[in-house]
Amino acid sequence: MPSELLRVFVVDDEDVIASSLAMILRFQGGFHATSFTDPTKALQAAHSDAPDLLISDVVMPQMTGIDLAIQLRSVCPDCKVLLFSGTAATTDLLEAARVTGYKFELLLKPVHPADLLASIRTLTEGAQTPSSQKPQFGL
Amino acid sequence: MQIPYRRIGIVAGFSLLLALLIVNAAVTRRQLGLQIGAQYSVSRTRQVLMELNQLELLLVDAETGQRGYLYTGDSKYLAPYQDAISKIEPQLDTVAKLTADNSSQQAMIPELRNRVHAKAAEMAQVIATYQSGKPDAARELVLTSTGLLLMDHIRLVVAQMEGEEERLESVRATAYERAIQRTIASIYLANFLAVVGLVLLASYMLREINLREKHAQEIRTREEWFRVTLTSIGDAVIATDREGAVTFLNPVAETLTGNDLVLAKGRNILEVFPIINEHTHEPAENPVKKVLEVGHVVGLANHTALLRTDGTQTPIEDSAAPIRDANGELLGVVLVFRDVTSERKAREAMRRTERLAAASRLTATMAHEINNPLQAVASLVYFSRTMPDVPETVVSQLTLVERELQRVEHIVQQTLGFYRESGATESVEMHALVESVFELYSNKLKSKDIRIERRFGDCPPVQAASGELRQVISNLIANAADAVHNQGTIGITLESIEEAGQTMAHILVEDDGPGIPPEYKPRLFEPFFTTKRDVGTGLGLWLTKEIVERHGGRIEVVPRADAEPGAAFSILLPVSSNLSQAAAGDGEVRAFQPSELDGRIGSEDLVQKEE
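Respectively, the protein sequence lines represent chains A and B. The first sequence begins at 1 in this note's numbering and counts up one residue at a time. The second sequence begins at 1 in this note's numbering and counts up one residue at a time.
Honestly, the hints are just simulated from the structure, not real lab data. Keep in mind it's a predicted model, so treat the numbers as computed, not measured. There are no misleading hints in this set.
Ranges of calculated distance between the beta carbons of each label pair, as one might list FRET restraints:
{"#": "1", "chain 1": "B", "residue 1": "GLY234", "chain 2": "A", "residue 2": "GLY101", "range": "46 to 56 Å"}
{"#": "2", "chain 1": "B", "residue 1": "ASP260", "chain 2": "A", "residue 2": "GLU95", "range": "54 to 64 Å"}
{"#": "3", "chain 1": "A", "residue 1": "GLU125", "chain 2": "B", "residue 2": "ARG407", "range": "27 to 37 Å"}
{"#": "4", "chain 1": "A", "residue 1": "GLU95", "chain 2": "B", "residue 2": "ARG407", "range": "22 to 32 Å"}
{"#": "5", "chain 1": "B", "residue 1": "PHE456", "chain 2": "A", "residue 2": "PRO61", "range": "39 to 49 Å"}
{"#": "6", "chain 1": "A", "residue 1": "GLU125", "chain 2": "B", "residue 2": "GLU439", "range": "12 to 22 Å"}
{"#": "7", "chain 1": "B", "residue 1": "SER570", "chain 2": "A", "residue 2": "GLU95", "range": "28 to 38 Å"}
Cβ coordinates follow ideal geometry from the N, Cα and C atoms, glycine included.
Looking at chain B on its own, in the form it has when it is part of the complex:
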């Protein structure tokens, strides 16, 4: 049932009860009025009877006085006589007044008055006769029984009037009884109805209260459900009212914005959820504002970042939707967003993987295609140069050819050398990998008489694509070998460190060459940036960085210990694989064992004096 109807029901119930009470009061009042009237009539009837009786008594008193006087001649008997006579007229008036409303009684009054007057006159005459000195005449008058007859007549009239009054009394008493009964009945009835009405109304209201309580409980349960759902959800949720003031933040939103729900509540969404364009750092259009304007779901523009209260930026994706009630009225806006940092990273890793996979396929093919002719040319040139009886000029020309070939070889080595078509990761033993690279560069290292300092600590195997890692180490060692002077030193450190709960392999490649000029540092890892104009492609370090980052690691130029001159490259690689498997092959994991290099690593120290 709808709430308005319920309200009307309750109001109607109360109105009905009120009306009942009012009617009851009116009825009771009327009944009481009737009762009072009836009671008054009854008491007047009684008074009339009493007054008639009194009249008779007065007459008897007067007569008794008269007789006393007549017998004794003592005038002291005249006092009661005169007292009674003087009261007779007022008594008659009283009776007339009391019966004024009764026409039949009124009709009797003149006769009564005449008889009483006649009786009084007769008594007065007897006394007057006696006083005139004729006591006997007076007694004679008494004995004529005129007075007796008069008295009887009066008694007759009085008796008639009394009869009438008694008849009236009985009628009035009956009416009075009935009125009382009726009053009681009406009070009982009204109270009964009121009780019934109250009981009905009370039960109805109790039922309503219960229903409302149940309804409220349901709403509370549902609100709790919504609250728990929004709180548990993995995305950040902010709700606002239709003015854009924040009404709700779930814990994820609290974390991402850096605002506490209690403090954020009521504040404008623009303050709580400040977003900017990642690239331009200009404030971005707030989706809540837009939803309030356009009234439909709005997605967030690309490259949006949320400014946390601590000043950091979080790349986010979000959408905002209007909240409407059952009538479609806009109540507010709900904003859902999430941190896309890790997604970005994953996408970036995927992009790198795809790029490297494509590059791998290309370079593997190219390496083969270039290395074969290089081999042929190298062999032929060497053969020609070392032929007996070759003129000195030709030998020097061929030596130049060999030097040029060296450049080509260097470029191929650095850019195409170690890519494999397979991007599968395996457990790579870093010590062995580093040694294999030294072995590959042994000629170069020997030719410049370079000393190798190995600082090999405990370094767990790294889950990685070994060919790519070899390319990384190879590029760094080749660079170092290029940089150092004759009899220079290349230092390589292997160790494991803990960073943010993750075990990382730390590879530090140092040389005591001239070092990297500060102005080059920002561009060092850019593609095609090179300081070695003759032999550099500018791809080595760029490629190195690409590979390291694809493995979830990072590479940077660091200052050398104790501010020694030279350059130092530090690589941090997570031990467990962060490499996206998107471009991976069969995923077969093989151990790169040090024993694999048996026969290739001649000795602990590759540095050997040349003759």
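With the rest of the complex left out, here is chain A:
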């Protein structure tokens, strides 16, 4: 566990998803997690309190998770990004972003919280394999 708590923004237009994931990250992951249902609010918050990690839905009414991630990078360039989406069609958006030089990892909903935690660890701690929290949950 790092000495300083990892700051995580969880953004999803569905409040239940955003808040439940934030709760898990707080209680299970020991992160400093904040949930947002409006990506613009998340962006505003980032100006005053830059996160270390952004976990965001892709398809949202105000802006896409990809746009949010791109704009957030301009505020805090070191911020890690994990996107998750309920529809495979978002791979097209991701591809469009990749063409302009941004590369984000996409997880497909539903992503099991344990997997999410593992992905976060992989992303933030390097190539270490997260296995301690491996649940009996798979495809």
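Take the given structure of chain A and dock chain B to it, following the hints.
For chain B alone, coordinates are given in the frame of chain A:
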């Protein structure tokens, strides 16, 4: 001009010439008859003159004999006398006979005869007197010149008759001359007319022959044009006579029916063009027969297939129309048909495309709508289960809930997972696509400790809708992962093969699970057919087949190499796109690059030991 009139013209021309020749012959014959008559008359006149002269000579001969006798008393002089006297009477008869047709001459004959008789009598009297021994009396009688007078008289009559004959001769000669001239003239005229007639007729016939030749050439040209047109046409054409016997097949028809024109000619259409109903395999009603019955254009019934001579069937569409001459008389039937195999395929592909496009729109929406609540529920259940101080019974209940959620997730994943709204094709790198699927299933693969065997050969990028292809590979790998036991093996082969001149990507997905029971194989790709009663929807393989076939490929269950246990699915996909673009979006083509997956593929071998 109509042919009958021309024929009449020629016949009339010949008849006219024939009549001319007949008339000429008749005229010539008559002229010759006249000539012969005239010639005969002329020669008779000459004979009459000669005979009259002969008569005179006989009298002179008789008189010379008489005188000789009188002077010499030698009876040898009496012989010429008597010879001449004996000929006088027949000579008179001859003259009378020759002039029998001339009344004026006939009128002279009695007088001539009397005078001649008188002269003969006088000479006989002198001789008789001499013989009676009175030579002087006899000489006296001579000197009385009675005989001289008689002789002069005879000469006068003869001269009259000769004059008449000479007059006749000149008249007859003139007539003869004229007759000859007339004959010559008529022959010349007739020949001239005949020559003119022949020249006219010949030129007319030459013109006719030329016209006919030209006409025939035109017909040949037109026939050639029709033949070339029918031969070049892309559809198959068969023509029959009014009995239904084949008269013509173009090359396309030869190919489609498997019959050669030379062999098919004259055979019945039912033999050359046997058609059946595609579904019932019952013989279908032959359109040619129908046209012959009803006399108007007939289209072919739906679902008709042509039976080739080699036994294969070709789906066709056709129509048959009557061939009529200028008078509307039915001469035969022309049948036009074409192979609709590729059209069928295109229609089928279109149908699939439309169906999949609709399904895509629906599933993309549904996936989003289902996955979001699933996410929320998964998070909440996990959160609840992992709360501190949760009673063990609640934890086990929540674990059950998670397992049930897994089923829902599985179903959604398999049926709705990778559809995109866009059906646009792009160049899909199969290796990368397969790796991305392994990555997505990494948890499951790890949980069963499944070994992955990659046999990646050279496989060119496939032009396809990448989301759909990912669904295909995903479904097959998910099935394989379900099938294998713990620590089982899933093998995937990628290679390119050449088939019928086309480069195909070959994807083989194998597992060493229990394999597919033979009785399931026929129904494997049917919708809603499943062997996984708990988690199967029966849509996965059906969907997979739909997608593969829409891309112009095919999927089949194949035996594993060396008859190893397990199941193997083989997919062949054309490298160039066969996908109907009907439902495609903007058609934008993007490369699905392996680098896209950076960070998602952890290592070459995804199999990692779990703790």
